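Chains as they are written, first to last, in this note's numbering: chain A, 1 to 115; chain B, 1 to 114.
Fair warning: there could be bad hints in the mix.
Stated by the list, open to error - Examples of chain B residues toward chain A, derived with CB under 8 Å: (1) F34; (2) F39; (3) P40; (4) S43; (5) L46; (6) S89; (7) S90; (8) I93; (9) Y103; (10) F105; (11) S107.
Don't read these hints as lab results, they were simulated from the structure. Predicted model only: the values in this text are computed from it and were never measured. Heads up, the beta-carbon is just placed ideally off N, CA and C, and yes, glycines get one too.
Residues per chain, in single letters:
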Amino acid sequence: AQKITQTQPGMFVQEKEAVTLDCTYDTSDQSYGLFWYKQPSSGEMIFLIYQGSYDEQNATEGRYSLNFQKARKSANLVISASQLGDSAMYFCAAPGETSGSRLTFGEGTQLTVNP
Amino acid sequence: GAVVSQHPSRVICKSGTSVKIECRSLDFQATTMFWYRQFPKQSLMLMATSNEGSKATYEQGVEKDKFLINHASLTLSTLTVTSAHPEDSSFYICSASQGNYGYTFGSGTRLTVV
Numbered sequence: 001a002q003k004i005t006q007t008q009p010g011m012f013v014q015e016k017e018a019v020t021l022d023c024t025y026d027t028s029d030q031s032y033g034l035f036w037y038k039q040p041s042s043g044e045m046i047f048l049i050y051q052g053s054y055d056e057q058n059a060t061e062g063r064y065s066l067n068f069q070k071a072r073k074s075a076n077l078v079i080s081a082s083q084l085g086d087s088a089m090y091f092c093a094a095p096g097e098t099s100g101s102r103l104t105f106g107e108g109t110q111l112t113v114n115p
Numbered sequence: 001g002a003v004v005s006q007h008p009s010r011v012i013c014k015s016g017t018s019v020k021i022e023c024r025s026l027d028f029q030a031t032t033m034f035w036y037r038q039f040p041k042q043s044l045m046l047m048a049t050s051n052e053g054s055k056a057t058y059e060q061g062v063e064k065d066k067f068l069i070n071h072a073s074l075t076l077s078t079l080t081v082t083s084a085h086p087e088d089s090s091f092y093i094c095s096a097s098q099g100n101y102g103y104t105f106g107s108g109t110r111l112t113v114v
C-alpha cells in the first residue's frame, strides 16, 4: 500500500518566484508512479505532472517540474515563475502497483501566490 | 483528451431524501470508477471502487446501504446518497481509470443537506 505525506499545510510565494511543494512517499512496490494535481476553489482536479519510478529523468511540464529523489522517497513539485492563478490546493498522489488501481492522496498543500 | 462529465455540480436537498450523482465518461470506456469524498480543506478520501457489471468495493467505514453505487455500463457510474443527513454534506468527486496510470476526474458535486 502507498502512503503519501505532504508536510506543508500552507505555502506562500511572491508572484514570479519559484516555489517547491514537498511530497514523500512510502511504498514497497518495485514499480510505481507519482502524480501531482492542482485543485482550485472550484473543486476540479487538474492533472499537472507524472513521474514513473523507472523514469531516468525528472518529469517536466511547462512551469512544473518534479524533483524526484528515489533514495529519499521524495517527489517534490517545483513551480517556476509563480502566477496569481497558481493559488490553489496541490495534492501529491500515487496509485497501487497495478495499472488502473486506486489513487492515494497526500494531505495537500494550500499555495497562495501574493502579488 | 478524456473527459468525465459529473452532474449535478451542486445540489441542495432536504434531510431524509436521496440524491443521485452521475459520472459519464464521454470519449472512452471507464471499466473502473473511483468515488471520493472531500471535506473542506482536507484531502480526497476514497469511498468505493466500482467496476462495470459488478458490485462496488467499499472502503472500511463507508456504509454501502447509504452510498449506493451502480456501474451498469462502461460509460456511466452513479452514486446515490440515500436518506441524506446534514453530516453527508460534502464534496463528492469521481475518477475514471484509463489504464496505464491515467486518471480522469469529474468536476465534482457539492452536496448540501438541509
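Of the hints stated earlier, which fail here? Hints 2, 3, 6 and 7 not satisfied by this model.
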